[in-house]
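Q: What follows is the residue order along each chain.
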Amino acid sequence: MESANELLTILPLIIIGAAGLFVMMLDAFTGSARLAFVSTVLFSAAALAVAVTDLFGPTGESFYDLITYGGTAAFGMVLVMMGTLFSVILSRDYLEKTGGHIAEVYSMILFAAFGMLLLVASNNLVTVFLGIETMSISLYVLAGLVKNEKKSVEAALKYFLLGAFATGFLLYGIALLYGASGSTFLVDIAATEEKGMIYWAGVGLLLVGFFFKISAVPFHMWTPDVYQGAPTTITAFMATASKAAAFVAFILVLSRALPDARSEWSDVIWLFALLTMVIGNILALVQDNVKRMLAYSSIAHAGYIMIGLAAGTGAAYSAVLFYLFAYTLMNIGAFGIVAYYEWHKGYDFTDINNYSGLGFQQPIIGVLMSIFLFSMVGIPPFAGFIGKYRVFAAAVDEGLIGLVIVGVLASAASVYYYLRVLVHMYMKESENDITLVRPGTLYMAVLLLLAALTIYFGINPGILTDLLGSFKAVTY
Amino acid sequence: MELLLNIVIYLPLLGALLLLFIRQDDWVRWTSLLVTTATFVLSIPLLLQFDITSTGTAQYLTVGEPFLGDWDVKYMVGLDGLSMLLFMLTTFMAPIVVLSSWTSVRKHVAGFYSMLLILQTGSLGVFAALDLFMFYIFFELTQIPMFFLIGIWGGEDRIYATVKFFIYTLVGWLLMLVALIYVGFAAGNMVNDGIFTTDWQLLTSPEFQLGLVEQTWLFLAFGFAFCIKVPIFPFHSWLPLAHTEAPTAGSVVLAAIALKMGTYAVLRYLIPLFPNAAIAFAPMFAVLGVIGIIYGALVAMVQKDVKKLVAYSSISHLGFVVLGMFAFNTTGAQGAIIQMVNHGLSTGALFIIVGMLYERRHSRLISDFGGVAKMMPVLTVMFMIATLASIGLPGLNGFVGEFLILVGTFNSEVLGSPWYAVLAALGVILAAAYMLWMFQRVMFGPVTHEENKKLTDINAREIGLLVPIMIFIVWIGIRPTDFTRYSEAQVTWMLEDTQTRAETIAGNAAGEQLPSWALKLYDVTPHMAASMEPVNETKATTTAKSKEESL
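In order, the protein sequences belong to chains A and B. In terms of the working numbering, the first sequence opens at residue 736 and continues consecutively. In terms of the working numbering, the second sequence opens at residue 5 and continues consecutively.
Think of the hints as simulated: they come from the structure by calculation, not from any bench. One should not assume that every hint holds.
[Said to hold, decoys possible] Here chain B is said to cover these stretches of chain A; the calculated rule only asks that three of the stretch's residues, wherever they fall, bring their Cβ under 8 Å from a Cβ of chain B:
#1 892-898
#2 1117-1129
[Stated by the list, open to error] Computed cross-link-like contacts, BS3-like style, restricted to lysine-lysine with a CA-CA straight-line distance of at most 27 Å:
#3 A:K1163 with A:K882
#4 A:K882 with A:K1080
#5 A:K1080 with A:K1163
#6 A:K1163 with B:K78
#7 A:K1163 with B:K457
#8 A:K1080 with A:K886
We put the beta carbon where it would ideally sit given N, CA and C, even for glycine.
Work out the full structure: start from the sequences and follow the hints.
A: Here's what the structure looks like:
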């Protein structure tokens, strides 16, 4: 019965893995995109529900310590499944309107989600690698979904080439660490006594691999092209679920495998956080394409999150997890609305000038967009503010005041490009003759839910922060 | 009464949500008027029940549960002498602002009024908040509606104005956020068992003693944010732009309420939290205040646009407020508080009147008017009263504030020089010059433009919204103690408490090793001199002590 219990610890993985295969078969035998959509939603919702209950369940290791469950891992699963579920729901209308509604998309999304789930649950560098690869390969395919669009194909190829390269770094890092410690288990690596050249080279390469996945500057080059080229709702999926998964795994690796080297990697992350915030924000300032702007903004957000990693305390990790949660909510929301506007003129209707005067046409959508963008700026009473506040506070507590000051100045600069969208939506006269149609009920419901959560966790974050705070005793 | 305070704060927000479901523009207007009037009426008992002798603690205090997890950050609102008058000013101005935009706002009416109402809740929260973190949250809540108010319903150059306004303010406040976090942790370690706290009561308790070097940096970070918001010269450049481009209601709220958040924050947080730094930097702020007074007045004098003129006069008036607060005596601080109210009333009235002229004539250039008094006699009377109040004519409210501030500054021990008052008084003379000259060119003289002959006088609604302001302008002018008594006890207590704490901290710091700039900075003030002198004498003993300890 022991093994049956072990299976329960990876129940979300099993559900999503089975769902991926099921949806693929469904496509082969019925070819019905509708059925595929419905079953994807149901399976994802089930996995999300399981992950949420796991939050309050026990923590520990299973499958010969390859897998960690409960606590941070469970929260990572919640983030991944939220990202998956919401972007799948938003995808249907988008793909239908832009002419790419095919069933296999859903199975690819599910396989990517499977990889992410494995990633956040990994307690061993080999599992980390498996997770990252399963996730990435599915994402390469998804990025090139719109086959007859040059940009989309370019994005896929670019992502694939750079991603393969980064995976090489990661794998090399894992190999060197194995050489230095004789094991790929996170705890065994932490116990390494002799920290020679090989060890440090391994740590460095591992960091590079992760920096690529979380798109830290200077490993960010792929992000804007891929985010712009991919279908918008898939971008939402990539920007939230895969980012969150990579960050959670990064936390697990840093806190479990490299706790002794904290002062060293903290300095490295400090530097890259600084670069990421400054460059991400500056490049976002000059973007005229909303999708591209959001891509750079996600780079900038990665920078803020890295402040928390640089602080490297239990409080900082729980702040990062909260930030990721808020980030997931507001990014899916914003991308969802960008996708909604795209329906009306087709793929890549994302130039900022196209947005002129759209705010008043569908007032509720306009208000929701404002909420998501203000939350990204980090203005109370939205969840984005609490996330930023907690990360900054944890860093100030660790004495990283200089970095935090750069962070707040960078986020002050970010106001300009977020507000620019609102300025166009509300304060300029329309240049197009678009009449916006009402989005479907389900679409609207998801957007409203995201906005409601953004506000709720901005006003009453205590529930979540208490929960995240309780992880620290177990995980770190 | 605690419940009533919360109802007053959140009623406008509820009203804003209600407006989302109303389609008819007229219904929107009436609903907003009803909501704001109800808010005002409900706030009156708060004023009547207010215990003016109580000091230290706030009244009608609501303390919520900590909502940020393991940190002691909680919802905390209440009123005390520092905030009572400004809170009432906010509820009082709201229905007037709603009425003043009755006909001038024609597009997206529901959006406009819901923004105004959200702004109202934010402003009330700013004045009632007694937790630094809550203050920050409410403050940001006022920024979003203001951004839209200027940007959507503003004039020609509105987008530049609103983006500049928003970013400029946010830069300051985000830096303050970092300082706020630092203060929270420091206070947690000193007075709250290691738990992060931003509770105002704890931050002003005598056990909370920040070192002099820490104080300097934190004071500068907070001061920078508040300087931008006030705005204090040289951080004022967003203000004339925002004022000019904003719709009438936006300008009125900005002048009457939003600017007060900066000066109020100085009095509530900047001075009590960092007592030593505040005293050491007082002369510097006073100088900036005086520069603001004279600079604002001189620039106002050459304006061609009436609204811009009023905007620059605001900078001048707020210079007085800053000067009064940094005089560090009850007279000065009392003058500053009543001047905040006065400025809200008279400048608010001036913006409303300019708005009325603009609505009829579609111009704000002084040269487009002339001889308007003949066509609009009622408006002329109102305009005259507001103008004279703004100048500071005895018998009207402006005089009371400016007089108290000048007396306070003159007697100030911390500033220690009569020159501040002398130079500031120059501002009063300049105010008479630019205001009266403007008034004469707009209202009197021959009618030079044909269009002006068709101007109609203000209607019943417009008279109705101006009269209450006029009543208070005269009332404060004649019986200022009816108003100043609300803040007197608390202000006196707060200043004494601040100075006591400053002396304790300076005394403790005497034994510490401080960088030379800090020694110099905290030596220059007469207050500090006595307590800082023992540094050399005690040095021998402290080094001996530390040797003992190390053994």
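Q: Each hint needs a verdict: does it hold in this structure or not?
A: Each hint tested on the structure:
{"no.": "1", "hint": "892-898", "result": "violated (count 0)"}
{"no.": "2", "hint": "1117-1129", "result": "holds (count 6)"}
{"no.": "3", "hint": "A:K1163 with A:K882", "result": "violated (35 Å)"}
{"no.": "4", "hint": "A:K882 with A:K1080", "result": "holds (18 Å)"}
{"no.": "5", "hint": "A:K1080 with A:K1163", "result": "holds (19 Å)"}
{"no.": "6", "hint": "A:K1163 with B:K78", "result": "violated (40 Å)"}
{"no.": "7", "hint": "A:K1163 with B:K457", "result": "violated (35 Å)"}
{"no.": "8", "hint": "A:K1080 with A:K886", "result": "holds (17 Å)"}
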